[in-house]
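Enquirer: Sequence:
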Amino acid sequence: MKTGPRRTEISVSETDTILEQGISTRRKVIAFAVMGIVVFGFFGLLALGLMNKSPVTGRSGVTRVGKAAPDITMPLLQGGEFRLSEHTGEPTVVNFWASWCPPCRNESPGFERTWRGFSDDGVLFVGVDIQDTLDDGMSYIREFDLTYPNGIDVEGKITVEYGVIGLPVT
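With numbering that gives the first Met the number 0, letter number 2 in the sequence shown gets 1, and the count goes up by one each step, no holes.
Please note: incorrect hints may appear among the correct ones.
Within a straight-line C-alpha distance of at most 25 angstroms, the following computed SDA-like cross-link-like pairs (lysine to any residue) qualify [what the hints assert, rightly or not]:
#, residue 1, residue 2
1, K156, T132
2, K156, T169
3, K156, I71
4, K156, P101
5, K66, V92
6, K66, T132
7, K156, F39
8, K66, V122
9, K156, S98
What the hints contain is simulated information worked out from the structure, not anything from laboratory work. Just so it is clear, the structure is predicted and the values come from calculations on it, not from any experiment.
Kindly produce the complete structure, drawing on both the sequences and the hints.
Expert: Now the structure itself:
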């Protein structure tokens with residue numbers, strides 16, 4: 000009788016099962032690693048975006064409270080011209096909007112109601128239409144029956160001066 004290593008016989012079906020378990024474990028490890036990379040990447044991009052927000056849109060109220068707002072001079076959609084510097088000392092709400100912006104459309108009726116409620120108390124509301132044609136801006140004013148002054152930022156200078164990077168911004 001020979002002594003030596005014993006051979007274990009494994010059937011083909013058992014070998015296939017062992018290989019499938021190894022592949023299944025490897026797939027799980029790869030899937031878990033990919034999922035970790037995706038989650039890490041998402042939160043990394045989210046943090047980067049939050050750190051790079053514009054001072055006006057990202058930290059509204061923190062940057063501007065107690066400080067003079069940049070002057071605005073613009074043609075009014077209702078006719079005439081608006082100059083913010085002519086209203087120094089008056090509490091003023093400046094709202095940037097566009098006719099094609101769904102959130103702007105949602106908030107405009109509320110702004111009009113608030114304007115009507117506080118205009119007698121000396122609170123000024125002014126809308127700044129951006130990235131619109133004059134006709135689209137006028138249609139928007141009529142559609143929502145906006146009575147507070149609304150102008151158009153023809154060249155985009157006001158938008159840049161206020162750091163607007165998305166709509167709506169108030």
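Enquirer: Output the indices of the hints that this structure fails to meet, ascending.
Expert: 6, 7
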